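Trainee: Please build the complete structure, drawing on both the sequences and the hints.
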Amino acid sequence: MKTRARLPRLVATGATLALALSLSACGDGNGGASSDDGKIHVLVYGDASNKIEQQIVDTFNKTSDVKAVLDTIPGADYQTKLQTIINTPQAPDIFYNWGGGSIKPFVKADLLLPLDDFIKKDPALKDKFLPSVFNSAVVDGKPYGIPMRGTQPVLLFHNKKVLEDAGVQPPKTWDELLAAVGKLKDAGVTPIALGGGDVWPTQMWFQYLYDRIAGPELFAKAIGGDKSAWESADSKKALDMISELVDSGAFGKNYDSVKYTNGGSVQLVASGKAGFELMGSWYYSQQLTDHKEFAEKDLGYTAFPTVEGGKGDPGNVAGNPNNYYSVMKKTKHPEAAAEFLKLMYSDEFVKAHLDIGNLPTTTNTDKFIDGSATPEYNRFQYDLVSDAPNFQLSWDQAYPQKASSDLHKAIQQFFNGQLDTDGFIKAMQALPTE
Amino acid sequence: MTTHLTSARPAAGSRKESRRRPPAPSTTTVGRPSFAWAVPAALFFALFAIVPLIMVAVLSFMSWDGISSPEFVGTDNWSRLVDDPVMLKSIWLTLLLTVLGVVLQTPLSILLGVWAAGHQRNRAVLSVIYFIPLLLSATAVSVLWRALLDPNFGIPAEATWLFGDGNLFGEQTTAIGVLAFVSTWQFTPFHTLIYQGAARAVPQVLYQAAEIDGAGRYRQFFHITLPQLRTSMITSMILMIVGGLTTFETVLILTQGGPGTDTTISAYYMYDKAFKSFDYGIGSAIALALVVAATIISLIVVRVSGYDKMRSSMEGVS
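Chains V and U, in that order, are what the protein sequence lines are. Oh and the first sequence: position 418 is 418 in UniProt numbering, straight run, nothing missing. Oh and the second sequence: position 182 is 182 in UniProt numbering, straight run, nothing missing.
In case anyone wonders, no lab produced these hints; they're calculated from the structure. Quick caveat, the model's predicted, so the values are computed rather than measured. For glycine and all other residues, C-beta sits at the position ideal for the given N, C-alpha and C. Check before you lean on any hint, since a few could be wrong.
What the hints assert, rightly or not - Short derived list, chain V residues pointing at chain U, Cβ under 8 Å: (1) D256; (2) S257; (3) N262; (4) Q267; (5) G300; (6) T302; (7) K402; (8) S404; (9) S405; (10) Q413.
Claimed, not checked - The calculated lysine to aspartate or glutamate pairs, modelled on EDC-like cross-linking and capped at a C-alpha distance of 16 Å, are: (11) V:K253 - U:D165; (12) V:K253 - U:E171; (13) V:K183 - V:E164; (14) V:K39 - V:E339; (15) V:K273 - U:E158.
Mentor: Okay, structure coming up:
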């Protein structure tokens with residue numbers, strides 16, 4: 001058991017955080033918009049992409065009088081810390097986000113700058129990006145974000161060797177997938193690897209099936225506040241199909257104890273113990289890092305299968321269209337911010353991202369793909385995304401952040417049988433939409 | 001400076017004590033620090049514990065998402081909490097985990113502590129080895145066990161006769177079992193340390209007398225060692241209970257309150273509400289309820305055990 005009382009410490013930490021932040025603002029480079037130091041602060045999610053963000057900042061600083069400073073927050077804490085400082089003097093000028101519901105509360109609190117004026121002065125800020133991606137950061141008809149990393153569609157990955165041994169072709173339709181599940185089971189492997197312990201990988205099955213069966217309208221309606229959408233026949237059909245898949249043993253029995261984030265499900269596929277895994281496009285570079293030989297030789301990928309009789313366009317994709325830079329309303333240097341954002345469609349930006357395996361969503365990406373490290377994979381993704389009539393943002397990012405915990409609970413509970421169809425529908429209807 | 005402070009003390013202190021018992025011999029107050037010594041610590045405590053606690057109490061009557069300005073909502077958060085089935089479940093789970101912790105760790109740490117207090121060969125080396133878990137942070141321990149218990153590549157994959165399909169984190173019973181086990185694994189060394197110190201302090205004359213009377217090892221353990229460990233036992237149990245009520249990191253990393261809400265203990269529920277759902281009002285209400293509950297339970301343990309009346313286990317011995 002614990003040797004000290006954690007709770008008071010936690011509470012104390014929270015209360016003193018504001019204090020500490022205001023103190024630190026005086027000293028180092030973590031200042032913010034209101035304490036105008038003649039700089040613009042760019043706050044990003046800390047990970048491998050930071051070196052490119054730093055490169056872009058350096059490029060910007062060569063020509064700009066107002067210098068930019070890159071501040072990073074380690075990934076897991078990003079959302080919480082952003083929410084803590086966004087309405088304080090320590091708020092950044094420009095910050096990374098997921099568009100959609102992740103910025104809606106900030107828009108509502110009137111903290112963000114609509115980018116209409118920027119775009120009016122430089123239409124390329126809109127035209128140079130794929131429309132389906134750009135639109136994910138439009139809130140109430142106004143653009144609030146400029147795409148700033150790579151697109152992350154969710155794809156159905158597979159182990160070529162495992163499929164071959166079981167006599168299975170990569171499935172194009174849902175029925176083929178079900179048949180493949182049966183054959184893989186007979187071959188003694190887990191048909192589909194799933195990191196259910198993280199819950200968000202489980203959510204990917206819901207996103208795609210709802211989109212294929214009901215089309216993007218159902219979710220758009222639900223997130224718009226019309227909660228009757230969850231009771232519709234299409235919704236129930238999607239749930240039935242999910243139950244059917246789970247009950248058939250497609251994911252094995254211990255998926256809730258497996259994690260993606262500790263490499264568990266990744267290893268399942270790489271070691272040949274599982275056939276498929278549904279995952280975001282970052283899966284490729286993850287496999288390359290963890291299991292190089294497998295990734296280069298036996299890692300296959302296809303789009304999510306079509307569902308017969310479904311209303312959704314089979315070309316639709318789900319995942320994270322991209323990440324975005326949004327601008328704070330109270331920034332002292334909007335002109336500098338606008339200039340900075342223009343770099344997001346520059347050739348330098350596109351090339352740098354392609355080199356580390358990110359696929360930017362600008363219209364000029366196309367001409368650089370063939371010269372990139374993994375041209376085939378990048379081409380597949382790029383065509384998929386640019387041809388997609390709709391790009392469904394991950395549910396937990398489309399909903400306001402405050403809904404995501406309850407959303408994950410409902411998904412996990414329906415998947416493992418703790419909630420029935422009605423229970424799931426009720427749980428989804430109870431989620432706050434704004 | 002030091003001499004000045006200490007010499008100022010006896011006047012007030014001894015007068016107060018004299019009401020309860022005969023004046024203590026002057027030797028007990030000599031060299032004891034005055035209250036002034038406690039001022040820095042008291043200030044720190046006030047700044048980092050009392051002030052935030054008051055802020056949390058105020059916040060529990062407000063609705064706040066961390067962005068907009070807080071709104072006063074009266075007892076809204078509290079009535080929501082009373083009607084919340086997850087809250088009820090979390091209290092039950094917290095108590096269960098606390099009790100499991102005490103039940104599992106107490107006998108283990110007494111046995112290990114008494115053993116470690118002896119003079120066997122290799123004792124020092126072995127003691128060092130099983131104190132290692134204590135040196136690791138709870139986070140590291142949790143990450144470690146999460147990896148070790150992976151159903152496909154961890155221990156369960158090798159020992160299927162014991163773990164079946166290895167779905168330890170997907171079922172409530174086994175998930176709670178894992179949480180209790182990991183806490184026990186990490187914190188038993190700490191309590192062992194307490195018992196080791198206490199067991200070494202047991203006067204050897206007692207054992208010598210018992211031996212003369214013909215008592216064997218087991219009788220000596222049950223009739224001398226165990227009764228002599230009573231005060232330490234209560235100290236250790238209070239620490240376990242308070243620690244159990246506020247367990248957090250193990251749940252955060254091992255199960256994230258799942259599957260569903262099956263391991264959502266109160267402290268995790270507080271985090272979930274405040275920092276994941278951005279509902280700081282209700283999070284504060286849970287936090288305050290936890291503080292109150294932990295205080296009351298600790299007080300009850302102190303009273304029931306008679307800890308507050310105990311003077312010293314050395315009394316009447318020397």
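Trainee: Evaluate each hint against the coordinates.
Mentor: Hint check results:
1. Annotation: V:D256 was flagged as interfacial toward chain U, and the flag holds, the nearest CB pair being 3 Å apart, inside 8 Å.
2. Because the closest C-beta pair between V:S257 and chain U is about 4 Å apart, less than 8 Å, the hint holds.
3. Because the closest C-beta pair between V:N262 and chain U is about 6 Å apart, less than 8 Å, the hint holds.
4. The beta carbon of V:Q267 is positioned within 8 Å of a beta carbon in chain U (closest approach about 6 Å), and the interface hint is therefore held.
5. Look at V:G300: its Cβ only gets to about 21 Å from chain U, farther than 8 Å, so that hint breaks.
6. A cut of 8 Å between beta carbons decides the hint on V:T302: the least distance to chain U is about 24 Å, and the hint is violated.
7. This hint holds: V:K402 has a C-beta 5 Å from the nearest C-beta of chain U, less than the 8 Å allowed.
8. The beta carbon of V:S404 comes within 7 Å of a beta carbon in chain U, closer than 8 Å, and the hint placing it at the interface holds.
9. Below 8 Å, beta-carbon pairs count as interface contacts, and V:S405 has one with chain U at about 4 Å; its hint therefore holds.
10. With a cut of 8 Å, the hint placing V:Q413 at the interface with chain U holds, because the nearest CB-to-CB distance is about 4 Å.
11. Annotation: proposed proximity of V:K253 to U:D165 holds, straight-line Cα distance about 7 Å (limit 16 Å).
12. Our distance criterion of 16 Å between C-alpha atoms is met by V:K253 and U:E171, whose separation comes to about 11 Å.
13. The straight-line distance between the Cα atoms of V:K183 and V:E164 is roughly 11 Å, inside the 16 Å bound, and the hint therefore holds.
14. Under the criterion of a C-alpha separation no larger than 16 Å, the hint pairing V:K39 with V:E339 is consistent with the structure, at around 13 Å.
15. Using a Cα cut-off of 16 Å, the hinted pair V:K273 and U:E158 holds, with the two alpha carbons roughly 15 Å apart.
Hints 5 and 6 from the earlier list are contradicted by this structure; the remaining hints agree with it.
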